[in-house]
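As you go down the protein sequences, you meet chains X and Z in turn. According to this note's numbering, the first sequence is numbered sequentially starting from 1. According to this note's numbering, the second sequence is numbered sequentially starting from 1.
Heads up, a few of these hints could be off.
[Said to hold, decoys possible] Okay, the calculated bits of chain Z under chain X, using three or more residues with CB under 8 Å as the criterion:
(1) 224–230
(2) 235–242
(3) 268–282
I should point out that these hints are in silico values taken from the structure, not numbers from a laboratory. For every residue, glycine included, the Cβ atom is placed at its ideal position computed from N, Cα and C.
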Amino acid sequence: MKGNKALYWKLCIAGVVLLSVITFTPLVMPAGVSHPMLFGMPRTLWSSILIYFGFVVLTWIGTRVYPGSDEEGGEEA
Amino acid sequence: MTTWLIVIGGLWLAMLAVFSLRSYRQTETAHDYIFAGSSVGTVIGLMTFAATLFSTFTLMGMPDFFRVNGVGAWIFLAISDAAMFFLVLGFGFHLRRKARERGYRGVAGLMSDLYGTRWAGYVYFAGVFLFLVPYVAIQVRGIAIFLTAIFPNALPAWGWSTAIVTVMLIYSEIGGLRAIIYSDTLQGTILLVVIWIIGVSAIHHFGGVGEMFQEVRAVDPKLLSTPGPQGLLTFQFLVASFFAIVMIPVTQPQVTTRLVIMKNKQKLHRMAVSLGIFTALILLPIIAIGMYGAVYYGQVPAREFLSQVLLFEQTDAVGAIVVIGLIAAAVSTSDSQIFALGTELRSLLSGKEKRVMFTTRVAVLCFGLAALIFSIITTDQLVLLARVSFAGTSILGPLVIAGIFAKRVPGMELIAATGAGLLIFLASLLHLIPDMVGPFRLDLLLLIVLGVFALVDSLYRTRVAGEAVLGEEEAV
Numbered sequence: 001m002k003g004n005k006a007l008y009w010k011l012c013i014a015g016v017v018l019l020s021v022i023t024f025t026p027l028v029m030p031a032g033v034s035h036p037m038l039f040g041m042p043r044t045l046w047s048s049i050l051i052y053f054g055f056v057v058l059t060w061i062g063t064r065v066y067p068g069s070d071e072e073g074g075e076e077a
Numbered sequence: 001m002t003t004w005l006i007v008i009g010g011l012w013l014a015m016l017a018v019f020s021l022r023s024y025r026q027t028e029t030a031h032d033y034i035f036a037g038s039s040v041g042t043v044i045g046l047m048t049f050a051a052t053l054f055s056t057f058t059l060m061g062m063p064d065f066f067r068v069n070g071v072g073a074w075i076f077l078a079i080s081d082a083a084m085f086f087l088v089l090g091f092g093f094h095l096r097r098k099a100r101e102r103g104y105r106g107v108a109g110l111m112s113d114l115y116g117t118r119w120a121g122y123v124y125f126a127g128v129f130l131f132l133v134p135y136v137a138i139q140v141r142g143i144a145i146f147l148t149a150i151f152p153n154a155l156p157a158w159g160w161s162t163a164i165v166t167v168m169l170i171y172s173e174i175g176g177l178r179a180i181i182y183s184d185t186l187q188g189t190i191l192l193v194v195i196w197i198i199g200v201s202a203i204h205h206f207g208g209v210g211e212m213f214q215e216v217r218a219v220d221p222k223l224l225s226t227p228g229p230q231g232l233l234t235f236q237f238l239v240a241s242f243f244a245i246v247m248i249p250v251t252q253p254q255v256t257t258r259l260v261i262m263k264n265k266q267k268l269h270r271m272a273v274s275l276g277i278f279t280a281l282i283l284l285p286i287i288a289i290g291m292y293g294a295v296y297y298g299q300v301p302a303r304e305f306l307s308q309v310l311l312f313e314q315t316d317a318v319g320a321i322v323v324i325g326l327i328a329a330a331v332s333t334s335d336s337q338i339f340a341l342g343t344e345l346r347s348l349l350s351g352k353e354k355r356v357m358f359t360t361r362v363a364v365l366c367f368g369l370a371a372l373i374f375s376i377i378t379t380d381q382l383v384l385l386a387r388v389s390f391a392g393t394s395i396l397g398p399l400v401i402a403g404i405f406a407k408r409v410p411g412m413e414l415i416a417a418t419g420a421g422l423l424i425f426l427a428s429l430l431h432l433i434p435d436m437v438g439p440f441r442l443d444l445l446l447l448i449v450l451g452v453f454a455l456v457d458s459l460y461r462t463r464v465a466g467e468a469v470l471g472e473e474e475a476v
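One chain only, chain Z, in its complex shape:
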């Protein structure tokens, strides 16, 4: 397999180099560097959105999640994703309209502008920094533990992590968002091919879908229903996850920016429908991989299951594509997030463009290093860590949605409430306070309270503003 790895890995690195140089030549302004010229078509938009969304978390985390928790995992991710794609239609349209009216430099900058105070941008940035850096770290960690399992004598996990972060930083610093989008497209294609090869071979092994689920039933019938063998996929867990995932385009800037840079509304809408089809194509074979794991690797640790199924049971060529596909997935998702953090910081800065760009590039480097450090000290529970990241950023949802949709945008009270919500959620993660309030999950409760507060606040301000206009008209 080493020969295949060298050939495919070399091809991948060469393509990254070509993408970076080509993007570097096409980049004439800071706007080009940050927003890739803002003229992305349907296919490239689909691939970059999908590659940003589907990462190591999908390729490694979800087969394991199906293996351990059973078929309810489909509701956890697929249903939430489908609802998210519908949300893209309305939210994307209004976001793009605000972006056109106000000028878009990043979500944090847009929030500062819409709320009329920089505090809105600061709270947004604090939220995404707190919960995106760990998510980046998960990607890097995921691939590092996988590579350590495959090549136990080559490099320690931190060595693999450092190599991945270095590649990611070099080409995103050179090529900007355009280079990242090209690499996303490449990664999306590799991901689709790899998943189908492994998924089909898993079903073929059982002799059919029905036979596969019969064997799963024989191993543990709880895998065929919710809440699953571990009792994790409860009503509250799935509902809270649903809202956390649906909010991704609203609250995760690497995804939000991809809605803004689409060429026009038609391309954006076509991308949303294509994403629905693409996601089904990605997740359906993952069910088979997970069920295969439940039957044959039910009792082994995640890393052993993944290395066996994704690698050692495959031919050398497929195994090599899997390894490179996994690295590409980790790199393309991580660089999008790190780059988005840089963009968000830039949108809060003012001053000469050259100096702002320099600060942004340095910040991207620092965020990469922060993610690297976190990846070395974090745990192996990829899906649950990713969910924490989604839940953390979803707390920003009501703030962003009110800013984009409300006729009268709320003021400091919603910004302060969102900041408090982030601190409370963080305190629960650090076990300073419980993560349940009576029978309710704290993350779900926070989202509901903030959502209702934002709605009532917006309606109240709209009504007060309406009465004020009416009063002025009567006075005239």
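The shape of chain X in the complex, shown without the other chains:
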């Protein structure tokens, strides 16, 4: 189980890095482009709000799979 936790934690880190990189690409912030709109919001806003909640979900998953433990002194993450 501990081995799985370490793997899932690393996947969470990879997910966070991926979301961070995507945020700064033209996919989310194309210069001067606001279409397509979603729920009346411009592209940069709705896509970065989605990414924000992606971060929150990954943080929540991270709390469930974090391999270190307070009592045991933890292992390298």
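Assemble the complex: chain X is given as a structure, and chain Z must be docked to it using the hints.
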């Protein structure tokens, strides 16, 4: 509104007094005073972390930042904050482990211990002093200019600044960190209520989110994309800001300490997730306030926009809550930072505890006065000044991260490089050297160079240490 102000302001001051006295009675040791007993739960942890993070900069600076620079402001703050909360999981865990192993008196003291030289602590302290005092000053300045705009004949800006710093110093000197945490919780609640009332009324005014952005498009379509009308939110600006903000728990001691004083890892982790939700609740209505400002107050100075939208367009009761909420936000963020500076100084001092505590209290007073003076002479560009503070302290990031994470901690070379980095950044702020190196921003470049240097240095030392152990084993 004056009646409401007196009632709500009186309630707020009375609660501060109660918090201070209650904390004073609960404080038995210096550790209690400095670290609030180190047993903070999820909800209080969330509120104190959030209140320390979201200040006048958020309540006043961010609506204006959205108004002037458009929707890209969400990436500037929200995305960076979200990544920061994830970082809290891993960094907080390792920090707490080191703190347990070594004994925690403050980040500067911990760095001195981990690097085996007091110079690590001195460089860290110099960095946070240089860049936190201006940040405190921004909080005080922000609220002072707002109050001057509302009550032009009551007090000059420096008078408001002095009053705020005095309240802040009195109750933090009496109650210590526990009193600050209680007031943070109160401030966080006020902030959330105020922002939602104003944000919802802004959207209601337009008739919906879609209608709001249609009107914004009619005013200036550049507000709906990056880099925004002023061309500020470029790729480099946003990436540099991302790293500067993500580094806050690592490099700003008032935030770092809040990770250490959490009761256990579970509470810390729950706090990180709660922060993600709380931050969305704070920042989403701020978009609406900023867009409302872009449509109706696009061409006016920031202080006029803020006083109109946050105050004069609201009912008397809401206006009074806004004023008190703003003062509470400025006070709770500033006192956390000033108190953290005192704690950091204390962690570098040795000698009898009573004398060290006396020196710490005097230092807190001096830091408060330094912030007051800076607040009187600084400018009104709150968000950009706050960003300078984040960027300045982020230069300390590689030093702290290497100290906490590396198997073999780097030596004087990284401490010297960090000191040089701080001086170079300071020189660029004083316009002694350019703030761009070719096409690159200097702050981003410094962070990358120091980060790579710390990584290579740590790996090299780990390898050398491994070879030395292997050599000894072969000799045996």
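We went through each hint and held it up to the structure:
no., hint, in the structure
1, 224–230, "holds (count 4)"
2, 235–242, "holds (count 4)"
3, 268–282, "holds (count 7)"
The structure agrees with every numbered hint stated previously.
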